[in-house]
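Residue numbers (my numbering), protein chains in the order written: chain A, 2 to 169; chain B, 3 to 405.
Among the hints, a few may not be true.
To be verified - In silico contact screen, one side only, chain B against chain A (beta carbon under 8 Å); selected entries:
1) C102
2) E243
3) L246
4) W253
5) M307
6) N309
7) A310
8) R312
9) M394
10) R398
Since the hints were derived computationally from the structure, they do not count as laboratory data. For each residue, glycine too, the CB sits at the ideal point set by N, CA and C.
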Amino acid sequence: MVPDIDLQLQAVIKALTDTVMPAIDPANKMAVEQAGLAVATLSMARNRLPLVRRLARHGLQMAIAMAEELVAAIPTAAAGLAAPLAAGREALQDPAHDTAAIDAVQRALNDAIGALIDDSSNGPHIAAIEAIIIRRGKLATDLGRAWTMPSGFEPNPASVPTIESLLS
Amino acid sequence: MSFVDPRNQPSAAFIEGVRRRFPIEPEMDRVLTRKMQHRAGPGYSPLSLPTIVEGLQRLIASNIGGSFTVSNARWLTGGASKIQVAFDLEWNGAADGGRCLTPMVLRMEPPESVVETSRLREFEILKTMSGVVPVPPCYWVDHEGAFLPYPALVYGFVTGVAKPTKQASTQVTGIGLNYGPDLRVKLGHQFLSQLGRIHTVPANVIGGLQHFSPAMVGSNEAVVRQVNWWRRVWEEDRAEEEPLMTAAGNWLTRNAPVIDHVSIVHGDARGGNVLFNEENGQITAWLDWELAYLGDRHQDIAWSMINAFRHMSENGRDELIGGFFPETQYLELYEQGSGLKIDRKRLAYYQVLVSFMSVSICLGTGYRVARNGKTHQDVVCAWLSMISYGIMEQMRQTLEEYA
Numbered sequence: 002m003v004p005d006i007d008l009q010l011q012a013v014i015k016a017l018t019d020t021v022m023p024a025i026d027p028a029n030k031m032a033v034e035q036a037g038l039a040v041a042t043l044s045m046a047r048n049r050l051p052l053v054r055r056l057a058r059h060g061l062q063m064a065i066a067m068a069e070e071l072v073a074a075i076p077t078a079a080a081g082l083a084a085p086l087a088a089g090r091e092a093l094q095d096p097a098h099d100t101a102a103i104d105a106v107q108r109a110l111n112d113a114i115g116a117l118i119d120d121s122s123n124g125p126h127i128a129a130i131e132a133i134i135i136r137r138g139k140l141a142t143d144l145g146r147a148w149t150m151p152s153g154f155e156p157n158p159a160s161v162p163t164i165e166s167l168l169s
Numbered sequence: 003m004s005f006v007d008p009r010n011q012p013s014a015a016f017i018e019g020v021r022r023r024f025p026i027e028p029e030m031d032r033v034l035t036r037k038m039q040h041r042a043g044p045g046y047s048p049l050s051l052p053t054i055v056e057g058l059q060r061l062i063a064s065n066i067g068g069s070f071t072v073s074n075a076r077w078l079t080g081g082a083s084k085i086q087v088a089f090d091l092e093w094n095g096a097a098d099g100g101r102c103l104t105p106m107v108l109r110m111e112p113p114e115s116v117v118e119t120s121r122l123r124e125f126e127i128l129k130t131m132s133g134v135v136p137v138p139p140c141y142w143v144d145h146e147g148a149f150l151p152y153p154a155l156v157y158g159f160v161t162g163v164a165k166p167t168k169q170a171s172t173q174v175t176g177i178g179l180n181y182g183p184d185l186r187v188k189l190g191h192q193f194l195s196q197l198g199r200i201h202t203v204p205a206n207v208i209g210g211l212q213h214f215s216p217a218m219v220g221s222n223e224a225v226v227r228q229v230n231w232w233r234r235v236w237e238e239d240r241a242e243e244e245p246l247m248t249a250a251g252n253w254l255t256r257n258a259p260v261i262d263h264v265s266i267v268h269g270d271a272r273g274g275n276v277l278f279n280e281e282n283g284q285i286t287a288w289l290d291w292e293l294a295y296l297g298d299r300h301q302d303i304a305w306s307m308i309n310a311f312r313h314m315s316e317n318g319r320d321e322l323i324g325g326f327f328p329e330t331q332y333l334e335l336y337e338q339g340s341g342l343k344i345d346r347k348r349l350a351y352y353q354v355l356v357s358f359m360s361v362s363i364c365l366g367t368g369y370r371v372a373r374n375g376k377t378h379q380d381v382v383c384a385w386l387s388m389i390s391y392g393i394m395e396q397m398r399q400t401l402e403e404y405a
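Here chain B stands alone, though its shape is the one from the complex:
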């Protein structure tokens, strides 16, 4: 029996069928539909820095007047999702319009990313969060890849580290992060209080977001859309049927809870996605906003509580959630900082949802992009897929307890 994978060269009927089955936000529909329409196209071929700088110069020229110079372009590592290049821009960008040298980062998609998202949304949310929590200043976006080989955005380079420099890398993409006893307390307090600030951005600010569909208190419509987003990704990308994932997806749709407070949800809130100053222990930037949407704060809390982001304390007594605090303290600190309550039953629902998301990304999309050679980090994506079974077991246990 030979097997022809319908997901490698999807027909128009396949693409349309999945779209109809899982309705999602219009901007995300645009992005995922584009992904499927390009699926049968070429994989990733190594790009040279001069090629990227050339596109970058075209993007900058289309946005600013006056002369400018791009220099010191260099690859950045970290993460498997996007291609990143740091560079310096000499331009008339000073507050008084004078000449200055600004370090910046280009963040560009590969042909198909392990997390397929919208640069328009990422650009808009970074602009919105400026002044709420530390984020890089955001400059320009090329959302269709008109100037660069693929869609991209440019933001300011922020100093800081994602993990203590003395800690050897043991895993990919910041998993297995251990800050050590002193730093974890300093960073943990800031992480939770700033997460509270993200979740309490005023309604009038949220209402101004152009590329995000609104969520409403007393409705579960935004939650169902979020479930549909990840059911759609799983359906489009998976290597094979996993009955547990299908059962979980159906359960999530049937049991979507209503929202009691509309929040900006970061979507990938965890220690590895904040930069900090190693000298004073201050958070310098929240990164990776590509999964942000308008929804329920419990999703971010549940995401940060995934088993893979935990570890035991030095004395072996406490399991540290997110690498920060024991669970009770972790949730209490969040509640104190945000003024918002954590509902344990709703948290359990979101623990199933974030596990489903994570497996869809790692086991579903991670498989697909590596199989089709679509990224600059295929070997990382294939390796990362192996994290999925432990997360699937966490999802299964939560379902067993609450379903």
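Bound-form chain A, shown alone:
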């Protein structure tokens, strides 16, 4: 469909860069900074837009893997995790689930994992639960760092896999 989203974003970025930004009063520093961030944000959104569905599916896969490991290792985990885990597996297999639906299923699964941590915080299994969360947390922080790499905040970009490699 013309105009596609990519074309619309490209045109807006060009208009802001070529016409709007040069017309901003340089003494208005907040306007100058916000205009620069607006263009940077739109450029990043344009770059990431084609990957959004793959990101959602990958995020859900990671949550499922974490939940499966918790269920296998912690006797009390299945009670709260079984249902959202089943919903997660179903969402991955059903092509009719759009990105928002996949995100919602992942959110419910992560909520259940969070409840397991809270409910176990003074119990005998907390050390084992934390060990799993901390070890598997590396996958989540890698994904977040790779996704947000264009922000320029990453002090050591070479230590982070590319988003394309993580989502492939």
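Take the given structure of chain A and dock chain B to it, following the hints.
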């Protein structure tokens, strides 16, 4: 499956449930509860300078007698947290009661800030720190927004810069600051010795603070309250559950260490929050005291050591903590200046805590205020949220090593 976010229009039961789960200092409880009660209200609409000046005049008139004139009002930039307006006040403010012109700054909250804090506490701590380290003189506070659109305080305008003027801005809110080889040594020595002075303010002065809950040597009560503050902010503001944050929050509560010396903790101690004179390299003011509380000095040291505030030296050999010195030298200089020891194990605990704080602010509140259009800097807050995953990884690595 549709998703209704309970945090955008929180019920009274939600607000009360979080309050009960995470008990904190009374003044901070007041501020965070007010935030949640106003959550469903309107977002930020641009304010005009005349509107702000009108409120400012009402605030000043309620505090001083005699005639006065507000002039030269102008927006100040820097930071994503508060709305700031510089102005000149002609008034009978001279030491002998005579007429004078005093440059001042109004610091006002937006409808919901990326860092929701108390103007009463900020006002009180600025008054207390006068004479300890360079701080702006503090004049008046409107803690309920009775005169201005939102809560605010007025302090003196201090000359100085937060970063070398020759350095181009590469990031928001002072992140990525590089002073250069000469300035960093001058400023680094002052920064660490003055941080030591902040941490060794005498107990009788600390005991006089009205809006801060006390901390006690040999107890971890103040540390647990501090953990609860940030667990509460995360719970109130986050977009979604992050299991790593939940695990870290629980770990912080269970492992809170006792305090061996009660200090005023600045809460946001880093290079970007001190102004300096570019000609002589002298620090002219410590700013942004809104996160201050009574607790453990290790928190400020850990905060200043966050990865995002570091960079490599010009020769590529040393990682400069806070943009100042390599880690060993940094900690030694602090110990020499303050006379207080740094306990590495406790430092690791606070490295987890400050990472948790930082992620709560940037990923939690940064998301929420931008989502609801609550600030004058939503685009900055949304951008800043992207710093969180690197900080979360720093927290994860510390937990992996010490948990």
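Q.
Just to be careful: measuring from the Cβ of B:N309 to every Cβ in chain A, is the smallest value less than 8 Å?
A. Check passed: Cβ of B:N309 comes within 5 Å of chain A, closer than 8 Å.
Q.
Given B:L246 as an interface hint, is its Cβ closer than 8 Å to any Cβ of chain A?
A. With a closest approach of 4 Å, the B:L246 hint holds.
**Q.** Hinted contact B:M307 with chain A - closest CB pair below 8 Å
**A.** The hint is violated - B:M307 has no Cβ within 8 Å of chain A, the shortest such distance being about 13 Å.
**Q.** Hint check: 8 Å Cβ-Cβ cutoff, B:M394 to chain A
**A.** Since the shortest Cβ distance to chain A is 5 Å, the answer is holds.
Q) Any CB of chain A closer than 8 Å to the CB of B:W253? A) 6 Å, holds
Q. Is the shortest C-beta separation between B:A310 and chain A less than 8 Å?
A. 7 Å, holds
Q. For the hint on B:R312, does the least C-beta distance to chain A fall short of 8 Å?
A. 7 Å, holds
**Q.** Interface hint compliance - B:C102 to chain A, C-beta minimum distance less than 8 Å
**A.** Given a least distance of 28 Å, the restraint on B:C102 is violated.
Q: With a cut-off of 8 Å on the beta carbons, see whether B:E243 makes it to chain A.
A: 4 Å, holds
Q: For the hint on B:R398, just tell me whether its beta-carbon gets within less than 8 Å of chain A.
A: Cβ of B:R398 sits 5 Å from chain A, so the hint holds.
Violated hints, listed in ascending order, are 1, 5; each of the other numbered hints is respected by the structure.
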